[in-house]
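Go ahead and model the full structure; you've got the sequences and the hints to work with.
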Amino acid sequence: MVKQITANQVLDCKGLACPMPIVRTKKAMDALKPGEVIEMQATDKGSLADIQGWAINTGHHYIGTLYEGEILKHFIRKASTDEEKEDHPYARTIDNQSVIGMLEAKAKLLILDVREPVEFAFIHIPGAVSIPLGDLDSRMNELVPDEEIYVICRTGKRSNYACRLLSEKGYRVTNVIPGMSQWNGPTEQTGQYPI
Amino acid sequence: MTTILEHGQPIKMPAEAVARAIINQLPLFILDVRNSSDYDNWKIEGIRVESVNIPYFDLLEGVDSALPLLPTDNRRVLVVCAKEGSSQFVAEQLVALGLSNIYFLQGGMKAWSEHLEPVRIGALESGGELYQFVRLGKGCLSYMLISGGEAAVVDPLRMTDVFEEFAKQRGVQIKHTLDTHLHADHISGGRRLAENNGANYWLPSKDAEDVTFHYHPLDEGNQITVGNTRIAIQPIYSPGHTIGSTSIIIDGKYLLSGDILFVESIGRPDLAGNASDWADHLRTTLYDKYRALSDELIVLPAHFGKTTELGEGGKVSARLGDLYATNPGLNMGNEDAFRLAVTTNLPSQPHAYQEIRKVNMGFIQPSAEEQREMEIGPNRCAIHD
Numbered sequence: 001m002v003k004q005i006t007a008n009q010v011l012d013c014k015g016l017a018c019p020m021p022i023v024r025t026k027k028a029m030d031a032l033k034p035g036e037v038i039e040m041q042a043t044d045k046g047s048l049a050d051i052q053g054w055a056i057n058t059g060h061h062y063i064g065t066l067y068e069g070e071i072l073k074h075f076i077r078k079a080s081t082d083e084e085k086e087d088h089p090y091a092r093t094i095d096n097q098s099v100i101g102m103l104e105a106k107a108k109l110l111i112l113d114v115r116e117p118v119e120f121a122f123i124h125i126p127g128a129v130s131i132p133l134g135d136l137d138s139r140m141n142e143l144v145p146d147e148e149i150y151v152i153c154r155t156g157k158r159s160n161y162a163c164r165l166l167s168e169k170g171y172r173v174t175n176v177i178p179g180m181s182q183w184n185g186p187t188e189q190t191g192q193y194p195i
Numbered sequence: 001m002t003t004i005l006e007h008g009q010p011i012k013m014p015a016e017a018v019a020r021a022i023i024n025q026l027p028l029f030i031l032d033v034r035n036s037s038d039y040d041n042w043k044i045e046g047i048r049v050e051s052v053n054i055p056y057f058d059l060l061e062g063v064d065s066a067l068p069l070l071p072t073d074n075r076r077v078l079v080v081c082a083k084e085g086s087s088q089f090v091a092e093q094l095v096a097l098g099l100s101n102i103y104f105l106q107g108g109m110k111a112w113s114e115h116l117e118p119v120r121i122g123a124l125e126s127g128g129e130l131y132q133f134v135r136l137g138k139g140c141l142s143y144m145l146i147s148g149g150e151a152a153v154v155d156p157l158r159m160t161d162v163f164e165e166f167a168k169q170r171g172v173q174i175k176h177t178l179d180t181h182l183h184a185d186h187i188s189g190g191r192r193l194a195e196n197n198g199a200n201y202w203l204p205s206k207d208a209e210d211v212t213f214h215y216h217p218l219d220e221g222n223q224i225t226v227g228n229t230r231i232a233i234q235p236i237y238s239p240g241h242t243i244g245s246t247s248i249i250i251d252g253k254y255l256l257s258g259d260i261l262f263v264e265s266i267g268r269p270d271l272a273g274n275a276s277d278w279a280d281h282l283r284t285t286l287y288d289k290y291r292a293l294s295d296e297l298i299v300l301p302a303h304f305g306k307t308t309e310l311g312e313g314g315k316v317s318a319r320l321g322d323l324y325a326t327n328p329g330l331n332m333g334n335e336d337a338f339r340l341a342v343t344t345n346l347p348s349q350p351h352a353y354q355e356i357r358k359v360n361m362g363f364i365q366p367s368a369e370e371q372r373e374m375e376i377g378p379n380r381c382a383i384h385d
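Residue numbers (UniProt numbering), protein chains in the order written: chain G, 1 to 195; chain W, 1 to 385.
Incorrect hints may appear among the rest.
DSBU-like mimics (lysine-lysine), calculated; alpha carbons at most 35 Å apart, straight line [stated by the list, open to error]:
id	chain 1	residue 1	chain 2	residue 2
1	W	K12	W	K43
2	W	K206	W	K83
3	G	K73	W	K83
4	G	K73	W	K43
5	W	K83	G	K45
6	W	K358	W	K315
7	G	K26	W	K43
8	G	K27	W	K43
9	W	K253	G	K45
10	W	K289	G	K45
11	G	K14	W	K12
12	G	K73	W	K12
13	W	K358	G	K27
Think of the hints as simulated: they come from the structure by calculation, not from any bench.
Listed below in structure tokens is the structure:
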């Protein structure tokens, strides 16, 4: 069964004309915590190019858009300033290409994706396990302690944090850098969430 | 009635006023607040138009960052967006900062794309008149020939009410509508205009093989007359842009060249099929068939590419003999050079051109809003940008 993906906030901008969808999204985003995801629903087709342009210029992460009839559902993740700090880098890293190489050699890898469920739904590595960073503490027991875990996020920052957390608890982990933002290996989407 | 002029409000400028400013070469500064890809693809242009692009979503924190880019002289500043809302939003903030001479485009680029400016081309023998309708926003040109209480419209655009209103004002009845070819850049108003007015719709039969509707074949030898004074519309088969492309000579004086020959360029042969198949047809039409016509014919094309092609009063026309001297498309040397020029390095195709062809063939019937959306952007029917 496909799990229903929920954003931290759903913002209804249906029926609103430009510039209101973006004006309201900006306002709502200001109130969100860094890393949280908003789902903005609009009927103005122009909102697609505008939300993408706005996200790029503000540093927020445009995750993707779902189409449901006339409704466009845009998912955006608020920029996280904490993530940008690269203090305490976790020592064991592997680059995207090496992981792709192992996957091509049919190696059976345990890939842990610590991005938000919506980000995961839009694009992820086939077979990857999804546990968002925020749930990692409580769901750590779902992971097998002896197996090597390759941890990935969008840019390598959240996964760095996850690696340090897991390694303190005795897990064997490697951080995949730079992560999904540069990933050109195989991907898939969760059933009902095609882009 | 007393009008109270509200202090500190930006002024709504209709597309018509923008058109007049461009045609009369008045200075205009445009702040285009659409996203950059839309701006790069298509914008308002004119000889004395200067424009900058700052997306409205970069001005949500305030418009201060736009100020250094605005003119310091007393030029009018027109804020432009896709539909109107965002330009008004930005214009109001500029006015709130104390700026004057701030306007926003009524109806946005959507209205701009649909505005038609009628320009009189000239009188015809025995009392008729010929008008050109300039669609500045997209570079399309339609024509209306009036004679003896009747009218024929050539390459009519989707905005059929404009032609109907124009005919009504002059007390003439639209009897014929003609398309010089199956258009790929815009949705033809030919069929609807004919249906609404009980007129005949003419289309070249070689471009109409798959169409789903009744039409009269606009083929060489089938002469059409308008009005009692028998103004002759003489079709000339001139393939190249499409296989059926047909030019028409009106009154032995005007050559309506469709998308075969423009003032500063020539038609591209790739929108309806295979460019290399039709390159030779295009060359034969331009270098042999047109060459044999009188140099004195006034060429009236179905498009223009740049605002430099707009002449007096906004009209787009040129003497055929002059074009043989100045138009690069008519001076391409041997057949190989010509073939290379019309099949390689062509500009990108018009927006949604395949869907537009389907609409013009009667296969699909999109809503008015969808048709508007399909036509967004420049016409791109010439081999030069």
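Quick rundown of the hints versus the structure:
1. W:K12 <-> W:K43: holds, 18 Å
2. W:K206 <-> W:K83: Not OK: W:K206 and W:K83 at ~38 Å, beyond 35 Å, violated.
3. G:K73 <-> W:K83: Measuring from Cα to Cα gives roughly 21 Å; hence the hint holds.
4. G:K73 <-> W:K43: Roughly 28 Å between the alpha carbons, so the hint for G:K73 and W:K43 holds.
5. W:K83 <-> G:K45: The hint holds at about 12 Å.
6. W:K358 <-> W:K315: Since the Cα atoms of W:K358 and W:K315 sit roughly 30 Å apart, the hinted pair holds (cutoff 35 Å).
7. G:K26 <-> W:K43: Holds: G:K26 and W:K43 sit about 27 Å apart, inside 35 Å.
8. G:K27 <-> W:K43: holds, 30 Å
9. W:K253 <-> G:K45: This hinted pair is violated, its Cα atoms lying about 47 Å apart.
10. W:K289 <-> G:K45: violated, 46 Å
11. G:K14 <-> W:K12: Given pair G:K14, W:K12 holds - Cα atoms ~26 Å apart, limit 35 Å.
12. G:K73 <-> W:K12: The hint holds at about 32 Å.
13. W:K358 <-> G:K27: Violated, because 43 Å separates the two Cα atoms, which is more than 35 Å.
Of the numbered hints given earlier, the model fails hints 2, 9, 10 and 13; all others are met.
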